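Let chain A serve as the given structure and place chain B on it in line with the hints.
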Amino acid sequence: MEQLRKVTGVAAPMLRINIDTDQIIPARFLVRITEEGLGASLFYNWAHLPDGAPNPEFLLNRQPWTGAVILLADRNFGCGSSREAAPRALRQFGFRSVIAPSFGGIFYNNCFRNGILPVQLDIDHIKALAAELEPTPAQGVTVDLETEMVSTPGGQRYAFTAPRLMRRMLLEGLDEVALTETFGAQIKEFRDQDGVRRPWVYHIGE
Amino acid sequence: MERTTEIDALSPRTFFEKVWSDHFIADLGDNTHLLQIDRLFLHELSGSVTIRELQESKRVPNSPKQVFAVIDHVVSTAPGRGPNDGRNATASEMIQQTRRAVNAMGFTFFDVGDPRQGIVHVVSPELGIALPGLSLVCGDSHTCTVGAIGALAWGIGSTEGIHVLATGTLQQVKPKTMRITFAGALPAGVTAKDLVLSLIGRIGANGGIGYAVEFAGPVVRAMSIEERLTLCNMAIEFSAKYGFVPPDEKTFEYLHGREFAPKGVAWDHAVEYWRSLPTDAGATFDRELTIDCSTLQPQVTWGTSPQHVMNIDGTVPAPEDFSDAGARTLVERALEYQRLQPGMSIAGMPVDVAYIGACTNARLSDLRNAAAILRGRKVAQGVLAICVPGSTKVKADAEAEGLDKVFIEAGFEWHESGCAMCGNGGAQRLQDLRVISTTNRNFEGRQGPRTRTHLASPATVAATAVAGVVTDPRRLPPAKG
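So the sequence lines, in the order shown, correspond to chains A and B.
Counted from 1, the first sequence has number 25 at position 25 by this note's numbering; the numbering is strictly sequential.
Counted from 1, the second sequence has number 189 at position 189 by this note's numbering; the numbering is strictly sequential.
Isolated chain A (complex conformation):
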């Protein structure tokens, strides 16, 4: 897991509800044999005009948000398709954190595994944060996973809580599979008992 302790930088306000993963990266860009280059397809249909030219009005095509590292969104961000290309495209563009009142559950899990910290804050706090940044959008916002605090250039502080295990894995850059492998004895014991209780799980079609 890519380590993340603290991120400071430009926050892009995209305060819309139900931004689904088809918007984050349309399905046609998933037909590929490498995971490199996903960043160029981030929000492709919004970021481009019908003829394929960049849409000059799209937020992330404008200064200072071309260099944004934090995304502000409204509820249910990342709903829909499970595509992991969504957090990967965000990460490859440069994002390290998404702040929203709630997230699609699969996307939420996928974020941690791709170096993105999803932060849950109340929508009123997100709106206040966006309003504060409006006159000076290039000012950096800080998301600190160690202290679980979002701090604004004007000194506002918004506390959040990250899931304990994911927090530890991001802070230390731990390998999730390696962590599970430390439970090898318990996994074996479970399966030995389960194989008696539910044999059809392991002896398939017999």
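Source of the hints: derived by calculation from the structure; they are not laboratory data.
Remember, it's a predicted structure, so these values are computed and weren't measured experimentally.
Be a bit skeptical, because a hint or two may be false.
[As the list claims (entries may be wrong)] Covered, in the sense of this in silico footprint (three residues per stretch, anywhere, with C-beta under 8 angstroms from a C-beta of chain A), are these stretches of chain B:
#1 87-98
#2 158-171
#3 254-261
[What the hints assert, rightly or not] Ranges between beta-carbon positions, derived for each pair:
#4 A:Glu172 / B:Ala318: 49 to 57 angstroms
#5 B:Pro342 / A:Gly195: 58 to 66 angstroms
#6 B:Thr181 / A:Gly67: 26 to 34 angstroms
#7 B:Ser276 / A:Gly39: 45 to 53 angstroms
#8 B:Glu336 / A:Arg62: 16 to 24 angstroms
#9 A:Tyr202 / B:Ala318: 37 to 45 angstroms
#10 A:Glu134 / B:Ala281: 49 to 57 angstroms
#11 B:Thr90 / A:Gln63: 53 to 61 angstroms
#12 B:Ala318 / A:Gly195: 17 to 25 angstroms
Just so it is clear, CB atoms sit at the ideal spot from N, CA and C, and this is done for glycine as well.
Just chain B now, with coordinates in the frame of chain A:
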């Protein structure tokens, strides 16, 4: 915080709590558990990423016999397709890469040309791979579909897939529980698709975040397994990762004799266990919702979220109908994208395309429902009509009944099985068009750039194909001759 890992065996429990605790291996703290995963399904779109990254990590599959793979997402569905035919050259390469890796790893594989090939969530219950009480995951959000046979099934990311392949387990936060009881009875001509669309309209596209949802009540008990599959398919459309119907006698009857279901004594043993799984009387849920179905109408979506749904004879809402600022902005944007005005009727609106397919509504009963309307009728001039059966078996069964002829004579294209135009994985046939569709997502661009999707049941899509305008299937004039 309350921990639920130590359970008093005597207290009433929900289906979800029983199945979760039967997969519990270890407590990782903060409500996160290490769970046994009984079945992993891979497909060439997300599964190819999982396999490639597993190989790069130098790890090997832990339980290859419990892993199944299928080619469905980017394969061509053109009649007479070849084994390597993707939607484009890259898709073809993905198919071949997946095939090589899956065969090398020894997973059970339903390749192009195999009579068992089809959309993963159609194939998985059809072959008895999904079973009651199993944990089943796939890098695909619609994995919740097979909750309909009483499995705990959910969509995961491709990196979570690596974890499952390498360890046979997954680290998951235990969700809250919700029960949605459908009371009354469905009126004639109203389907499971209408029911679930109406539910999403009521609960909102985010209403299920953090919940595992049990569907209950007389309406669900009366549903066939295929209707339950349609219902559970769209749990993720209100952001519930898990949706399920606890197993009953219908479930057992449906599964008995299927290729990967237990046989003989093992079957009896399994059924005995499965009978213990339904929610106990008196068990409590974190949230309960009851919906009376007796006045339900056919539904159609007007906007760009599955929550943008209405009775088929209703009118498009206005942004000011919504008190919530976020919802209002979304409605404004949806009206613009869909090129609609508040107050318009959807019924009577011309469509360019009628599409029947996807893991939502492309099983045999769906094709029969559509064919019942198409028989003796023709698709309206100028409407592109496409049917993509949910699996190769569904296609063969439909052909054995002569349904293919009904579709073709009406003017539909009759395709090979696959995910096809539910998403836009390479092909651009629906670009800029207005589509009435049996699929599950009407997101902007979901079916292609600037494609405007309206979700509905197979009967409504068939009636609309014939009329050329959005049509209530109960009001279609009688077929000629």
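Verification of the supplied hints:
1. 87-98: holds (count 7)
2. 158-171: holds (count 10)
3. 254-261: That given contact holds, which follows from 3 residues of the stretch 254-261 of chain B lying within Cβ reach (below 8 angstroms) of chain A.
4. A:Glu172 / B:Ala318: 49 to 57 angstroms: holds (51 angstroms)
5. B:Pro342 / A:Gly195: 58 to 66 angstroms: holds (60 angstroms)
6. B:Thr181 / A:Gly67: 26 to 34 angstroms: With Cβ atoms ~50 angstroms apart, the hint is violated.
7. B:Ser276 / A:Gly39: 45 to 53 angstroms: Holds, since Ser276 of chain B and Gly39 of chain A (Cβ atoms, about 50 angstroms apart) stay within the stated range.
8. B:Glu336 / A:Arg62: 16 to 24 angstroms: holds (20 angstroms)
9. A:Tyr202 / B:Ala318: 37 to 45 angstroms: violated (57 angstroms)
10. A:Glu134 / B:Ala281: 49 to 57 angstroms: holds (55 angstroms)
11. B:Thr90 / A:Gln63: 53 to 61 angstroms: Taking Cβ atoms as reference, Thr90 of chain B and Gln63 of chain A lie about 34 angstroms apart, which means the hint is violated.
12. B:Ala318 / A:Gly195: 17 to 25 angstroms: violated (59 angstroms)
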